[in-house]
Amino acid sequence: MTHAIEIERLQYRAGKAFAIQDLTLHVPSGSIYGFLGPNGSGKTTTIRLILGLLRALSGRITVLGDRMPDDHPRILERVGYVPEQPHLDPTLTVAELIRFQSAFYRRWDAQRAALLTKEFQLDEQRLFGRLSKGQKAKLMILLALAQRGDLLVLDEPTDGLDPVVRRDILAALITYVSESGATIFISSHLVHELERVCDWVAVMDEGRLVTELPLEKMKNGTKRLVIADAPAVINDAPFRILARESSNGSGETWVVSNWEPTMTSFFERIGASVRDVVDLDLEDGFVELLRSFRTGVR
Amino acid sequence: MVMYKALLYTQWKWARLIILLGTLAGFSLPLLSLQGAARADRGALQAQDLLRAVQSWGTLYPLLAAALGLLVAIATWTADHRGRHVHALTLPLPRWRYVLLRFAAGMTLLAVPIAAVSVGALLAAFTATIPSGLQAYPLALSLRFALAVLVAYAVFFAISAGTARTAGIILAVVAALVVVQVVASIANLQLDLIGTSQVVLLHGLGPLAVFTSRWMLVDV
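So the sequence lines, in the order shown, correspond to chains A and B. Just so we're aligned, residue 1 is where the first sequence starts under our numbering, counting upward by one. Just so we're aligned, residue 1 is where the second sequence starts under our numbering, counting upward by one.
Don't read these hints as lab results, they were simulated from the structure. Please note that the accuracy of each hint is not assured.
Said to hold, decoys possible - Straight-line Cα separation of at most 20 Å, EDC-like style, residue types lysine to aspartate or glutamate; simulated pairs:
1) A:Lys217 / A:Glu283
2) B:Lys13 / A:Glu96
3) A:Lys217 / A:Asp199
4) B:Lys13 / A:Glu124
5) B:Lys5 / A:Glu96
6) B:Lys5 / A:Glu77
7) A:Lys219 / A:Glu193
8) A:Lys217 / A:Asp281
9) A:Lys133 / A:Asp159
10) A:Lys118 / A:Glu96
11) A:Lys16 / A:Glu206
12) A:Lys217 / A:Asp284
Produce the entire structure from the sequences given, and follow the hints as far as they go.
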C-alpha cells in the first residue's frame, strides 16, 4: 500500500503548554482519511506540520513521496488546502480570487472552477470579505478542488456550517475523489459527519495519536459487551478494553475495541459469559476511545 | 510573469489610494516649488529668494518618499498579515520568490509617483524662466527621489514582513534609546544618543543618507 502522507516519530513543541509527541501516521493513497480529535488535540498543528507551515523538532514527514519541508513548492503544487479559518484577501471578489489562485497552479482546472461556482451559487462579483461563512467555505473548497491536487488537506472545512452547505461540500468532495482518485485528509470533531465519507480514521488527543485504523474496523470492532461473572483481573484479552463498569445486577458493561465475534470463546475460558453484544456508532466509539486514553486504560 | 501580475493586481487594490495621492503630490511638488520663477523679470536678489523657496519646498520630497515607501510597504503585506500568511505560505513557490514578487509588485506601483515627480519636474523646469546663474536639475531630482523611495520601501518592506515580535523588538530598541536619553538628561550626563543615532543613520555613508542631501530642483 502506498501512502499519500507518512509521518514518522514526529516531535513538535509550541511553548510549554502543548506538544506533538512521537506522532506516527500513515495515510493510504486514494483514501478519505478522517482525522478526529477534540478541540486543542493537535489536529491543526499536525496539518500545519504536514504542509510545512511549521517546523518539527524531529521526525520525518513525507507527502506524495517528497520530503516536507525540503520539497515544499513541489508538494504544494499537488496539494489543495482548506484551512480552519478563512485566509483569503477580503478585498478581492470571488472572480478575482479564482483568477489569483489560477496563476499559481499549472494544473488549474478552469472548467471545474466555473462549474463549482455555478453549483455553489457563488456571486462572482461579491467581495470575499462580504461572503457568508458558508459561501466562504464553499469558495475555499472550490479553489482547492480546481487545483486538481492529488491530495486535499481539509482542516474542519464544515465546522459551524448549516447542514445544507455541509452536504454540498461533502458531495463535491466525494465527486472529486471518485473522478480523480485523490486522497483526502480531513480533520474534524464532527464524528458523525466523517462516518458518512471516510474509509480510514485516526484519533488524536493531547498531541498524541490514540488510534489509526480503517473505519469499518473501528465501527465493527468497537462494541459494548454485557458480561456476567467477570473476574476482577483480565489478562491476555484478544481485544482492547476501553471501559469497564458494573451495571445493575450482577453483570458488568465493557466497551471494547478490536472485537471479533469469535472472541466470545475467551470469556468461556475465564469462566465468564457474554450476555449481549451491542454495536456502537463511531461517535460512541470515539468517546470511549478518548475516555480510555485519558484514564490510561489500555 | 502570471504570478507577478496576480500579486501586482492584489497590491494595486490595497495601495491604489496611496498611489493616487502620491502621484498627485509628486506631480504638483516641482510645479509648486518653481511657481515663483515663472516670471521673466528675475534679478540676482530674486534668484536668492527663489533658491530659498526651492530649498524649503525641497524638504517635502524626502518626506513624500518616506511616506510612500512606508504606506506601500504596509499595504503590500496587509492581506497576508490578515490571513496570518497561511495563503501565501501554502502557495507552490519558494518563499524567497514570493517575497521577491511582492517586492517587485510594490516597486512597480511606486514607479507611478516616481514618474509623476519626473514629469512634474521636467514640466516645471521647462515652463519656468530660471534666473541667469541658476540651473534646473529635474533628472537629478527625479533620480534622487526614486532612490529615496526605493530605500524607504525596502526598509519598511523588510520591517512589515516581520511578525509582531519583530516590530516589538524594533519599537523596544527605539524606546530604550529614548529612556536612556531621558535618564542621561536628568542625570546631567553629556550623552546625545538620539542625535548620534541620527548622524550615524542619516548622515553616514549608508543608503539613508539620500534623505538628508540637498533636494534642489533649481540650484547654482
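Right, here's what the structure says about each hint:
1. Simply put, lysine 217 of chain A and glutamate 283 of chain A have alpha-carbon atoms about 14 Å apart, close enough for the 20 Å limit, and the pair holds.
2. Taking the CA atoms of lysine 13 of chain B and glutamate 96 of chain A, the gap is near 11 Å; set against the 20 Å cutoff, the hint holds.
3. Restraint check for lysine 217 of chain A and aspartate 199 of chain A: the C-alpha separation of about 10 Å stays at or below 20 Å, so the hint holds.
4. For the suggested pair lysine 13 of chain B and glutamate 124 of chain A, the alpha carbons sit about 17 Å apart, so the restraint of at most 20 Å is met.
5. Distance restraint check for lysine 5 of chain B and glutamate 96 of chain A: the Cα-Cα separation of roughly 12 Å lies within the 20 Å cut-off, and the hinted pair is therefore satisfied.
6. Pair hint lysine 5 of chain B plus glutamate 77 of chain A holds up; C-alpha atoms about 19 Å apart against a cutoff of 20 Å.
7. Restraint check: the Cα-Cα separation between lysine 219 of chain A and glutamate 193 of chain A comes to about 14 Å, which is no more than 20 Å; the hinted pair holds.
8. Distance check on the hinted pair: lysine 217 of chain A and aspartate 281 of chain A sit about 12 Å apart at the alpha-carbon level, within 20 Å; holds.
9. Taken as a hint, the lysine 133 of chain A and aspartate 159 of chain A pair is honoured in the structure, with Cα atoms around 10 Å apart against an allowance of 20 Å.
10. Between the alpha carbons of lysine 118 of chain A and glutamate 96 of chain A the distance comes to roughly 16 Å, so the proposed pair stays at or under 20 Å and holds.
11. The suggested pairing of lysine 16 of chain A with glutamate 206 of chain A holds, with an alpha-carbon distance near 13 Å, which does not exceed 20 Å.
12. Between the alpha carbons of lysine 217 of chain A and aspartate 284 of chain A the distance comes to roughly 14 Å, so the proposed pair stays at or under 20 Å and holds.
Figure legend: structure checked against the earlier numbered hints; every hint is met.
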